[in-house]
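Colleague: Each chain, written out:
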Amino acid sequence: MVNRQLALRVVVALVQPCPVQCNSADAHSLLQQRFRTKTYINLRSEEGNPPDMATTNHYAFDRVIPDSRQNASAGSGAFGNYNLSACFYDEMFHSDGSLRGATRSLGAALANADASQLAQVQEGVVRRFVHEGITFTVLREGKTSEQIIPIDCVPRLLSGAEWNLVDLGLRQRLTALNLFLHDIYGDGKCLRDGVVPYELVLGCPQYRVEMRGVKVPSAVYVSICGTDIIRTHDGFAVLEDNLRVPSGVSYMLACRGAMKQAIPRLYRAHTVREVAHYPQHLYTTLASLSQRSDNPRVAVLTPGRYNAAYYEHAFLAGEMGAELVEGRDLVVHDATVFVRSVLGLRRIDVIYRRVDDGFLDPVTFRSDSLLGVAGLFHAYRAGNVVIANAPGTGVADDKALYSYVPDIIRYFLAEEPILANVTTHLCRTREGLAYTLEHLDQLVVKEVGGSGGYGMLIGPHSTASERSEFATRIRAYPADYIAQPVLDLSRAACFIDGHLEPRHVDVRSFVLRGRDVSWVAPGGLCRVALRKGSLVVNSSQGGGCKDFWVLANSEDLQ
Amino acid sequence: MMLARAAADFYWMARYIERAENTARLLENQLTGLVDTSIEELAVGWRVLYRVLGQSVSVAPAPMGEAEAYLMADAYTLAATLMEDAHNPDSILQCWTRARDNAMQLRPWLPVRVWTCMNQGFLWLRECDYTASWAEGPSVLPAEVINRLRLLAGVIHARMPRDNAWYFMELGRYVERLQRQAALLDIWTGTVEEVPLSWTSLLRVCTAYEAYCRLYSMVVRPDQALEYLVRNPELPRSLRFATRRIQHALSEIDPTGARYPLAPPHRFVLRLAAEIESDSMVEANPLEGDALFSNFLKESLALHDLIVAEYVAYPINKGLPS
Numbered sequence: 001m002v003n004r005q006l007a008l009r010v011v012v013a014l015v016q017p018c019p020v021q022c023n024s025a026d027a028h029s030l031l032q033q034r035f036r037t038k039t040y041i042n043l044r045s046e047e048g049n050p051p052d053m054a055t056t057n058h059y060a061f062d063r064v065i066p067d068s069r070q071n072a073s074a075g076s077g078a079f080g081n082y083n084l085s086a087c088f089y090d091e092m093f094h095s096d097g098s099l100r101g102a103t104r105s106l107g108a109a110l111a112n113a114d115a116s117q118l119a120q121v122q123e124g125v126v127r128r129f130v131h132e133g134i135t136f137t138v139l140r141e142g143k144t145s146e147q148i149i150p151i152d153c154v155p156r157l158l159s160g161a162e163w164n165l166v167d168l169g170l171r172q173r174l175t176a177l178n179l180f181l182h183d184i185y186g187d188g189k190c191l192r193d194g195v196v197p198y199e200l201v202l203g204c205p206q207y208r209v210e211m212r213g214v215k216v217p218s219a220v221y222v223s224i225c226g227t228d229i230i231r232t233h234d235g236f237a238v239l240e241d242n243l244r245v246p247s248g249v250s251y252m253l254a255c256r257g258a259m260k261q262a263i264p265r266l267y268r269a270h271t272v273r274e275v276a277h278y279p280q281h282l283y284t285t286l287a288s289l290s291q292r293s294d295n296p297r298v299a300v301l302t303p304g305r306y307n308a309a310y311y312e313h314a315f316l317a318g319e320m321g322a323e324l325v326e327g328r329d330l331v332v333h334d335a336t337v338f339v340r341s342v343l344g345l346r347r348i349d350v351i352y353r354r355v356d357d358g359f360l361d362p363v364t365f366r367s368d369s370l371l372g373v374a375g376l377f378h379a380y381r382a383g384n385v386v387i388a389n390a391p392g393t394g395v396a397d398d399k400a401l402y403s404y405v406p407d408i409i410r411y412f413l414a415e416e417p418i419l420a421n422v423t424t425h426l427c428r429t430r431e432g433l434a435y436t437l438e439h440l441d442q443l444v445v446k447e448v449g450g451s452g453g454y455g456m457l458i459g460p461h462s463t464a465s466e467r468s469e470f471a472t473r474i475r476a477y478p479a480d481y482i483a484q485p486v487l488d489l490s491r492a493a494c495f496i497d498g499h500l501e502p503r504h505v506d507v508r509s510f511v512l513r514g515r516d517v518s519w520v521a522p523g524g525l526c527r528v529a530l531r532k533g534s535l536v537v538n539s540s541q542g543g544g545c546k547d548f549w550v551l552a553n554s555e556d557l558q
Numbered sequence: 001m002m003l004a005r006a007a008a009d010f011y012w013m014a015r016y017i018e019r020a021e022n023t024a025r026l027l028e029n030q031l032t033g034l035v036d037t038s039i040e041e042l043a044v045g046w047r048v049l050y051r052v053l054g055q056s057v058s059v060a061p062a063p064m065g066e067a068e069a070y071l072m073a074d075a076y077t078l079a080a081t082l083m084e085d086a087h088n089p090d091s092i093l094q095c096w097t098r099a100r101d102n103a104m105q106l107r108p109w110l111p112v113r114v115w116t117c118m119n120q121g122f123l124w125l126r127e128c129d130y131t132a133s134w135a136e137g138p139s140v141l142p143a144e145v146i147n148r149l150r151l152l153a154g155v156i157h158a159r160m161p162r163d164n165a166w167y168f169m170e171l172g173r174y175v176e177r178l179q180r181q182a183a184l185l186d187i188w189t190g191t192v193e194e195v196p197l198s199w200t201s202l203l204r205v206c207t208a209y210e211a212y213c214r215l216y217s218m219v220v221r222p223d224q225a226l227e228y229l230v231r232n233p234e235l236p237r238s239l240r241f242a243t244r245r246i247q248h249a250l251s252e253i254d255p256t257g258a259r260y261p262l263a264p265p266h267r268f269v270l271r272l273a274a275e276i277e278s279d280s281m282v283e284a285n286p287l288e289g290d291a292l293f294s295n296f297l298k299e300s301l302a303l304h305d306l307i308v309a310e311y312v313a314y315p316i317n318k319g320l321p322s
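Protein sequence lines, in the order shown, are assigned to chains B and A. Heads up, the first sequence is in this note's numbering, so the first residue is 1 and it goes up one at a time. Heads up, the second sequence is in this note's numbering, so the first residue is 1 and it goes up one at a time.
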């Protein structure tokens, strides 16, 4: 009742003439004009009927009001070219072609839309990305160019109940990995107990001996974690953890912003869990690690504007109200880090570094680094500055160590892992090497230190000569390779060349961990292999992204 | 707290925007004249325009007496060099590109709307078909550039908080304006051309003609025009106006430096203000080719160096907290 009265007062205030200060002659003509052209608020058109929404709404697609009573299925309406395959889990349809529970509304809306309407939405989303300069930098033939990250306008949906399980699994995983890092840079108990082989950890190029004995604030080595999750018929599984400088979160937020604008009604109708608070949570996480409790000064350390993820660095710094600094902006004096301001040097308390370990400090790590700050590690060791993520965390996201993460969870938490791992064959072991070489045509072989979809062999899509070349390399350096089965990544509906077609997807989730604070973004960056049949979702390899809606309710997709 | 590098980026962004606008206004004025100005005046106009911008003419303007077709072709080439030449660091496209580069570094500090407006303008200019625009009318493109720059200026004015970022932009804008206006007055008072330079054109280029007519008369007298463009405190393109805005911006950025002992940039800008007040500057006979403003131009260039040395590239020991 109170709300209705309030709404009524607002409406009355809106229709009452506003006491605008203006010249009296102008006011007279303005009033005349206003009444002549009927510019006062009127929700009805001249004939007394509601205005035709079909001709007034900008986004035609979004007018298709989702109606769960409508029947839609694969092969109907806009899904005319949608080919379901029993081999792959489909995010929208059951294997019989009927819509899954939570996707019923979205599916019905999509089925009733025609190609031109969908194209309009797609164009609107892309235009927004172009105008706002949501780009990543690509280096080709020595030249850098800005590229818009390809985006698909059809969101992927997940029910709240399913996400809750993923959320728990992510928290569990990060807790265990932090304990593991604390242990290997401290007592090394898990190494002595044989949970993880010594040589795997100590021989890892990402293991930083300089971190031995360093007192890390609250023992939180990894504050920001990006975990890639896939889905198959067997359920969710972790593909890899990114514990150094995980990127992609700004694209997640940009996708969400664009979709809210493009299909506002559908978005509202779905009660999607909000991810827009990520920067606030990130700031809270980083600030919680500082020794100074009163308004610590946080900075994002970027390699500079030619870095592929510069947009993200600038975006996060802006959203957090933090300083975006490059190495040349920082100075270390008396084991304290300062930033050059216009009126002198000012102290920095927390550095969210987006620079790889090796480049952080030319005194401690790579002497040829121009991106870091001389003396930074010394200040870190003295406890005068927090670096997040801590140097040396890369050892825990090594592709070979990945296969030991379930054991690490069991060892440190005495729990069974909630999220499964993908079966991984370590070529460093005799059995793993033999199996890999024997089944090279059926496996995906990855370099242990590789990333971005480079340096890998996809067995079923490879030629005999490629396999032979890889076999030679694997035999020469077995410890540098792992092998995994070809994953049947789930597929989601995408708008491709005027049709809705299924494409393989995964999701990069983001987990934050500070001193007594922890947060999992309810959603993530859904990465899409836009090329038909491709399983590679990396943006550098023809992949794109789409919005990922985690519903607020616990409605089961099944 | 204002990061020194960010301050430099704000400063330079504003300078490039101002520079692009200045070039666009000069170009628009020259290209509008293609319709009814004599060939001799046009040739002088191109020469002056390039000299004002501190550049040499890339293609020699058609000599007097040559066919009009050549003149139009020259105008097309000369205007293109200033408009879209990727190799000319002061072309409008290059200025916009550099301003956008600065803006890109400033994204954490820039309101989204400002960045979007800047980016949209850049995309438009980059994709723009110069030949097709020329076919619509030679001055259409510079006029559109001016419109887009004004839109950007409006968005900046409406969206930017009046903090240090704003004042560094003010500093960049008015340092650039001071230099460009000094160069313009230097040419007008220090050049003897075959055809006398029009003071009406100068007032038009400085968007001051209507205001001048209201204040003085429609008959433009060189001494009054000079007095107006140098000393008028209300004209946005007068030297006095620019100097005052620089003083104000400096005192907002560094209030301590505005008190005695004055910081070097504060002291220097006061000296510039004093020179503007001195009688010698407006008592020069503009028709006799007095090169009065050369020295002022050099000093305004030195002001930039002082600002950078004081707030951006200062020695570390000077910046340590006490």
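Since the hints were made in silico from the structure, they are not lab data. Please read all numbers here as calculations on a predicted model, not as lab measurements. Take the hints with a grain of salt, since some may be wrong.
Just a sample of chain A residues kept apart from chain B, beta carbon distances all over 10 angstroms, derived [to be verified]:
#, residue
1, His87
2, Trp115
3, Glu136
4, Leu151
5, Asn164
Cβ-to-Cβ under 7 angstroms is the rule here; a few derived chain A residues that face chain B [unchecked claim]:
#, residue
6, Met104
7, Gln120
8, Leu270
9, Gly319
10, Leu320
Okay, the calculated beta carbon distance ranges per label pair [to be verified]:
#, chain 1, residue 1, chain 2, residue 2, range
11, A, Val308, B, Val209, 52 to 62 angstroms
12, A, Gly154, B, Arg292, 35 to 45 angstroms
13, A, Arg113, B, Asn538, 46 to 56 angstroms
14, A, Glu40, B, Gly321, 54 to 64 angstroms
15, B, Lys143, A, Ser280, 50 to 60 angstroms
16, B, Pro205, A, Ala302, 23 to 33 angstroms
17, A, Arg162, B, Gly533, 23 to 33 angstroms
18, A, Ser217, B, Gly321, 50 to 60 angstroms
19, A, Ser280, B, Gly321, 22 to 32 angstroms
Ideal Cβ positions, reconstructed from N, Cα and C, are used throughout, including at glycine.
Colleague: Should the label of Leu151 of chain A as a non-interface residue stand, given a Cβ cut-off of 10 angstroms to chain B?
Modeller: Non-interface label on Leu151 of chain A holds, nearest chain B Cβ at 14 angstroms vs cutoff 10 angstroms.
Colleague: With chain B as the partner, please determine if Leu270 of chain A meets the hint condition of a C-beta pair closer than 7 angstroms.
Modeller: Nearest chain B Cβ about 20 angstroms off; hint violated.
Colleague: Using the Cβ atoms, figure out if Ser217 of chain A sits within 50 to 60 angstroms of Gly321 of chain B.
Modeller: Roughly 54 angstroms apart at Cβ, these two residues keep to the hinted range, so it holds.
Colleague: Hint says 52 to 62 angstroms; check whether the CB-CB distance for Val308 of chain A and Val209 of chain B agrees.
Modeller: With a Cβ separation near 42 angstroms, Val308 of chain A and Val209 of chain B fall outside 52 to 62 angstroms, so the hint is violated.
Colleague: Non-interface claim for His87 of chain A: all C-beta distances to chain B beyond 10 angstroms?
Modeller: With a cut-off of 10 angstroms, His87 of chain A remains clear of chain B, as the shortest Cβ separation is near 16 angstroms.
Colleague: Holds or violated: the 22 to 32 angstroms window for the beta-carbon distance between Ser280 of chain A and Gly321 of chain B?
Modeller: 50 angstroms, violated
Colleague: With chain B as the partner, please determine if Gly319 of chain A meets the hint condition of a C-beta pair closer than 7 angstroms.
Modeller: Holds, about 4 angstroms.
Colleague: Range hint 50 to 60 angstroms: satisfied by the CB atoms of Lys143 of chain B and Ser280 of chain A?
Modeller: 52 angstroms, holds
Colleague: Tell me if Gln120 of chain A is really an interface residue toward chain B, meaning its C-beta lies closer than 7 angstroms to one of theirs.
Modeller: Nearest chain B Cβ about 5 angstroms off; hint holds.
Colleague: Hint says 46 to 56 angstroms; check whether the CB-CB distance for Arg113 of chain A and Asn538 of chain B agrees.
Modeller: 32 angstroms, violated
Colleague: Beyond 10 angstroms from chain B, beta-carbon-wise, is Trp115 of chain A?
Modeller: 7 angstroms, violated
Colleague: Would Asn164 of chain A pass as off the interface with chain B, using Cβ distances and a cut of 10 angstroms?
Modeller: 7 angstroms, violated
Hint violations for this structure: numbers 2, 5, 8, 11, 13, 16, 17, 19, all remaining hints satisfied.
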